[in-house]
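Asker: Chains as they are written, first to last, in this note's numbering: chain A, 1 to 175; chain B, 1 to 427.
Treat the hints as calculated values from the structure; they're not laboratory data. Please read these numbers as outputs of a predicted model, since none were measured by experiment. One or more of the hints may lead you astray.
[What the hints assert, rightly or not] Beyond 10 angstroms from chain A on every Cβ pair, some chain B residues (computed):
#, residue
1, 2
2, 20
3, 21
4, 31
5, 34
6, 36
7, 223
8, 232
9, 240
10, 269
11, 273
12, 275
13, 302
14, 398
15, 414
[To be verified] Below are the SDA-like pairs computed for lysine to any residue, each with C-alpha atoms no more than 25 angstroms apart in a straight line:
#, chain 1, residue 1, chain 2, residue 2
16, A, 141, B, 224
17, A, 141, B, 5
18, A, 141, B, 239
19, A, 154, B, 19
20, A, 154, B, 211
21, A, 141, A, 116
22, A, 154, B, 46
23, A, 154, A, 24
24, A, 154, B, 38
25, A, 154, B, 40
26, A, 141, B, 2
27, A, 154, B, 56
28, A, 154, B, 20
29, A, 72, B, 220
30, A, 141, B, 41
31, A, 72, B, 46
32, A, 141, B, 45
33, A, 154, B, 48
34, A, 154, B, 14
35, A, 72, B, 20
36, A, 141, B, 58
37, A, 154, B, 224
38, A, 141, B, 220
39, A, 154, B, 239
The beta-carbon is built from N, C-alpha and C at its ideal position, and this holds for glycine as well.
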Amino acid sequence: MHVDWALVYRETYTDLVRFLHRKVWDADQAQDLAQETFARALGHDPENPRAFLFTIAANLARDEARAAVRRKKHLTLMAGGAAGAAEAGEEAEEAEGAERVERADAVRRALDQLNGRDREVLLLWDAGLDYTQIARQTGLKPGAIGTTLARARKRLVEAHDAASQLERKPQTKQG
Amino acid sequence: MTHLDDGQLHAYLDGQSGQDGQTRQQMERHLAECAACRGRLEEARRVRDRARAILAGAGPANLTVPPFDAVVQRAARGGRTRRGFRPMVPLAWAASVALAVTVGWYARGLLRGGEAGSIVATREGDVRAAPIRAAPPATSQVAQAVPQRPETTRQITQSAADTTPIAAAAAPLTAPATNLAAAESKGALRAEARVPQGGSIMGRVVGAATQEPLSGIAVRIEGTQRQTVTAPDGSFQLGDVPAGPQRLRVTGVGYRPQAQDIAVLAGGTDTVKVAMQPTTAALEQVVVTGAAGVAAAGETWVTVSPSEAQRRLGGPLATIPGLPSLGTTVSGTGTSTVARTLQVLGTGLTIELIQRRGAPPPPPPAPTPARAAAPAPVAQAARGAGEEPGQALTVQWQGFSVTGRALIPPDSLRKLLQSLTAAQTLR
Numbered sequence: 001m002h003v004d005w006a007l008v009y010r011e012t013y014t015d016l017v018r019f020l021h022r023k024v025w026d027a028d029q030a031q032d033l034a035q036e037t038f039a040r041a042l043g044h045d046p047e048n049p050r051a052f053l054f055t056i057a058a059n060l061a062r063d064e065a066r067a068a069v070r071r072k073k074h075l076t077l078m079a080g081g082a083a084g085a086a087e088a089g090e091e092a093e094e095a096e097g098a099e100r101v102e103r104a105d106a107v108r109r110a111l112d113q114l115n116g117r118d119r120e121v122l123l124l125w126d127a128g129l130d131y132t133q134i135a136r137q138t139g140l141k142p143g144a145i146g147t148t149l150a151r152a153r154k155r156l157v158e159a160h161d162a163a164s165q166l167e168r169k170p171q172t173k174q175g
Numbered sequence: 001m002t003h004l005d006d007g008q009l010h011a012y013l014d015g016q017s018g019q020d021g022q023t024r025q026q027m028e029r030h031l032a033e034c035a036a037c038r039g040r041l042e043e044a045r046r047v048r049d050r051a052r053a054i055l056a057g058a059g060p061a062n063l064t065v066p067p068f069d070a071v072v073q074r075a076a077r078g079g080r081t082r083r084g085f086r087p088m089v090p091l092a093w094a095a096s097v098a099l100a101v102t103v104g105w106y107a108r109g110l111l112r113g114g115e116a117g118s119i120v121a122t123r124e125g126d127v128r129a130a131p132i133r134a135a136p137p138a139t140s141q142v143a144q145a146v147p148q149r150p151e152t153t154r155q156i157t158q159s160a161a162d163t164t165p166i167a168a169a170a171a172p173l174t175a176p177a178t179n180l181a182a183a184e185s186k187g188a189l190r191a192e193a194r195v196p197q198g199g200s201i202m203g204r205v206v207g208a209a210t211q212e213p214l215s216g217i218a219v220r221i222e223g224t225q226r227q228t229v230t231a232p233d234g235s236f237q238l239g240d241v242p243a244g245p246q247r248l249r250v251t252g253v254g255y256r257p258q259a260q261d262i263a264v265l266a267g268g269t270d271t272v273k274v275a276m277q278p279t280t281a282a283l284e285q286v287v288v289t290g291a292a293g294v295a296a297a298g299e300t301w302v303t304v305s306p307s308e309a310q311r312r313l314g315g316p317l318a319t320i321p322g323l324p325s326l327g328t329t330v331s332g333t334g335t336s337t338v339a340r341t342l343q344v345l346g347t348g349l350t351i352e353l354i355q356r357r358g359a360p361p362p363p364p365p366a367p368t369p370a371r372a373a374a375p376a377p378v379a380q381a382a383r384g385a386g387e388e389p390g391q392a393l394t395v396q397w398q399g400f401s402v403t404g405r406a407l408i409p410p411d412s413l414r415k416l417l418q419s420l421t422a423a424q425t426l427r
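Isolated chain A, as found in the complex (with noise of 0.2 angstroms):
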């Protein structure tokens, strides 16, 4: 039995690359991530493949994270030039989809306030896992789902509409 990698890509890389959306927070870099999510993922044959596509993409999308980190620091001690570029081009793109980044930025911090596991399971589903495979991802029982979604999303909810009435300052860190 072998897995038909091309057909589950079709099928699973836009959920895949939403989901890392949600963890690194840039578009080109979540298709990056979800192509070596794919990459790595050839030559294995898992009973569940979008689970251990998934499984793959969380642990990238953390290496991603702390890599970011290092970066930032030795961004900073750069003396411009290409860092300068790449920043003046980030810039530009930011400003066209302003509205976008601003909106993706308020769904961020209302994950934020998420705690670890009930986030997981809420971007899981939304990535189109079905209770089973979550529950296996995750090691909840597959009965605790269902309860976990509720208190993830009503948190969404009350977190993103409390933060929306609040007035913000603006933001100069760089996501």
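Following the hints, put chain B in place on chain A, whose structure we already have.
Answerer: The following block gives chain B in isolation, referenced to the frame of chain A:
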């Protein structure tokens, strides 16, 4: 049935009911009766939709999916530079030995026929795997062997606290494997990546006697984690099913488990229809819980005709009028004979009647046994006796104690038991 909690409501909305034993039907029945829960369901729906809308606001816009070839080539290139590998250099000797063995094994797996050949894989100079000839350990699945990896070969920055070891350990090792396979033969890798085929299965589950669709039935591909639950119209669909001969396992409360052998065509969709038989036949063992008398563990049950059951009981066989009977089984002899009759209440819902001579064994407050006109109900919410979970009520009828058990509210159960009559057979 008690009110539905938030978790159940959300699971219902997600179409994922049944995880905790409450089927969709049971919930719908309760919702039909309970306005309070209906209101809470709508509230839950609102929350769910809002959450979905919020999340939708943070996703990649206009995503075009790059062609799969890009992934294959990326795998061949060895992927992005992984900073984490640097720290592995001091441990390269251990890593390269371990990798050499595993790499050879991947090669064997990828190149069917087991001709490992001479393979050299290099990853930007970090680790070099020696040429391999031998066939490695006999384990057949990558996923099982990999978790044994020692810590040294994993990225040191990675912690696997909340991830399955399979993917965590597999990640650093995959690149060399696909790398080498590509080095061996680009064509071969491409073929390998496409050859593994999967298909889908769709179908319907119905009751064998009635041909009515059954919902809430679990359908699973044996040996995999592909599984789902049938929808209210009895239909189901499973994708990602490995091609070739497979076995479908179909299970549901109140029905005998079914297995069906199917052949999944690569890239195709198979349609199956499964007919479920309700459970009636001989039970090898019946476990006693609660006070509603059922034969002790170890006794065997035999399916008999109603007239034979009456002969063994020495009296009329209790049945609920108007409901189809799925049959009667008996256990024991003489005065210790116990009869178990199963009748159909509705789609996927049955009631079990356990009949035995005399009064029931001492349960909590049992009023003096009376005749049919005034049954003495003993309500319990025990699970276990026979195969029927749910409420249990025992009444005295014609010198027998009859325990009815079904997944319905106690009041409905009481009404049913009050209508007990003798099975219509010849004496």
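Asker: Taking each numbered hint in turn, which are not upheld by the structure, reported in ascending numerical order?
Answerer: Numbers 2, 3, 7, 9, 20, 29, 31, 35, 36, 37 and 39 - these are the hints that the structure violates, sorted from lowest upward.
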